[in-house]
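**Student:** Based on the provided sequences and hints, a complete structural model is requested.
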Amino acid sequence: MSGYLLFGYAVGLGLLGLFAAGLWRASRKAKGDLRQDDRDGDSL
Amino acid sequence: MNRTRNLLVPAYWTATVGLFAAAVALTLVWTPVEATMGPIQKIFYLHLPVAINTFLACLVVFIASVGFLWQRKAWWDDLAYAAAKVAVQFCTVVLATGMIWGKSAWGQWWTWSPRLTFSLALWLLYVVYLIVRLSVESRARRAVISAVYGVVAFLDVPLVYLSARLMPDIHPGSVSLAPAMKLTLGLWFIPVTLMCFGMIVARYFLHRRIRQTTAAPAPEINQPMRLGALGELA
Amino acid sequence: MTRTISHIFLLAGKDLRIQARTRHTFGLIAVLGVLIVVVLGLGLGAQAEVRGFGATAVLWVAYLFSGVLCFEKTMAVERNDDALAGLLLAPIDRSLIYVSKLVTNLALMAAVALVVTPVGVLFFSFDLSAAPGTFAGIIAISMVGFAAVGTLFAAVVSSSRLQGGLLAMMVFPITLPLVIVSTRLMTAVFRDGQAVEASTVGVLVAFDAIFLAVSWVVFEWVLEV
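Protein chains in written order, with our numbering: chain U, 2 to 45; chain H, 8 to 241; chain W, 0 to 224.
Worth flagging that the hints you see were computed from the coordinates, not collected in a lab.
Positions of the beta carbon are idealized from the N, C-alpha and C atoms, including for glycine.
A couple of the hints might just be wrong.
Said to hold, decoys possible - Result set (DSS-like, lysine-lysine): computed pairs, CA atoms no more than 30 angstroms apart in a straight line:
id, chain 1, residue 1, chain 2, residue 2
1, U, Lys-32, H, Lys-189
2, W, Lys-72, W, Lys-13
3, U, Lys-30, H, Lys-80
What the hints assert, rightly or not - Here chain H is said to cover these stretches of chain U; the calculated rule only asks that three of the stretch's residues, wherever they fall, bring their Cβ under 8 angstroms from a Cβ of chain H:
id, segment
4, 12-23
5, 26-33
Unchecked claim - Now the stretches of chain H that chain U is said to cover, found in silico as 3 or more residues with beta-carbon under 8 angstroms:
id, segment
6, 48-56
7, 107-115
**Tutor:** And the structure:
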């Protein structure tokens, strides 16, 4: 059962990390690259 | 000012990550295992703070939506969008951890229990907010439609909560927490809340930057948007 | 007060008179509702578990889809010949436009429910005799809340470049409480033979009250510049 707990933490924290990474990349892109198609460029 | 920001931002996120690590370590090593539910109960320490922060993000969407409808200033719209994105992301974590908890404790990935039903409904409410934004091209109309939806969606949340409580709950899960557990929970709240707040703020500035670099000439940015009847740009 | 009511009836009467003459919108949404029940009936109706009170969920699907179409069309009427501009210039309180549209929508939805519900009851062998008044009452209260939200969203979304499905997408999650509560009430009354719990109905009434009030206020904000 502890396996599920570790899996849960991995998924939960992993998702949070993923979303934070996505935000970071979008920020970098917005600062460096100001192309027209960046408008609302971050994905769903 | 920029130097302060360049120091503050990395420090902020380093602290957040550090606190997460500390919380996980503490929970696995020190926090007592709950008698009736076993080790899987510890997922609660991540699940509840994220759920509370999801609600806070939804509240921000509401406030920003009201602010936009009232003042028609674009930055309210940026904030609403930022908070909605974070709300959906955090709600995804709530759903995922809730399902894993359910699978471990009751053997099924999905049940129409009050908690899971509510999480799903909340997730759908704000996913729709995001899709509404993608579906409307005109910037002004998009802001108005999103804001109206943002207001209605948040007011719907307590009603969704009440109605989800009617779903059959074969596995009631309320337990009283020992002091050590309360401490652990409190510790988890800090990095989760820091993350929620930080992500909303970061997203807000991101949206604002994108809007400003792709906007029409300057006057639009600082003046309230002029809207005709039913929201078309006049 | 009487002036307000007479204005509402004037506006709603105009829409409903158009409906009575052309039966355009009503025909469309009634047929859509029936078709939905038929399709779901074909798929589900034969299964024992879905029979009976399962009809309530099917009926809701039918109401939701036909309702969304109904709201779109009653709002779209004002796009023709700049009718909306004429409405706005009229010396009436703008929020009454919302109320009149709501009344029109409710009238149409009631008419559709009168057609679609018997079909659902028939195809799913739903025995209403235990509490027909309760059934009608629950449906009626739910419809008010549904139309309240739908009318507001339809007004906000109304545009010549309407993205298909946008209104449906917005209305469905908001009205989940109505669907959940009414189907659970039906299950309690018709399957389990329990009395209607006031607190449960209270959620429906709260939904109606909250969203009627909110829609009224927000509508004003959305119409104004």
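**Student:** Against this structure, judge whether each hint is valid.
**Tutor:** Now for the hints, and whether the structure bears them out:
1. Our distance criterion of 30 angstroms between C-alpha atoms is broken by Lys-32 of chain U and Lys-189 of chain H, whose separation comes to about 42 angstroms.
2. The suggested pairing of Lys-72 of chain W with Lys-13 of chain W holds, with an alpha-carbon distance near 14 angstroms, which does not exceed 30 angstroms.
3. Only pairs whose Cα atoms come within 30 angstroms are accepted, and Lys-30 of chain U paired with Lys-80 of chain H is accepted, the gap being roughly 25 angstroms.
4. Given as covered by chain H, the segment 12-23 of chain U passes the check, having 7 residues with a CB less than 8 angstroms from a CB of that chain where 3 are the minimum.
5. Check on the segment 26-33 of chain U: 4 of its residues sit with their Cβ under 8 angstroms from a Cβ of chain H, so the three-residue criterion for coverage holds.
6. For a cut-off of 8 angstroms, the count of residues in the segment 48-56 of chain H with a CB near a CB of chain U stands at 4, and the three-residue condition holds.
7. For the segment 107-115 of chain H, the proposed coverage by chain U is satisfied: 4 residues have a C-beta within less than 8 angstroms of a C-beta in that chain, meeting the threshold of three.
Comparing the model with each earlier hint shows a violation of hint 1 alone; every other hint is respected.
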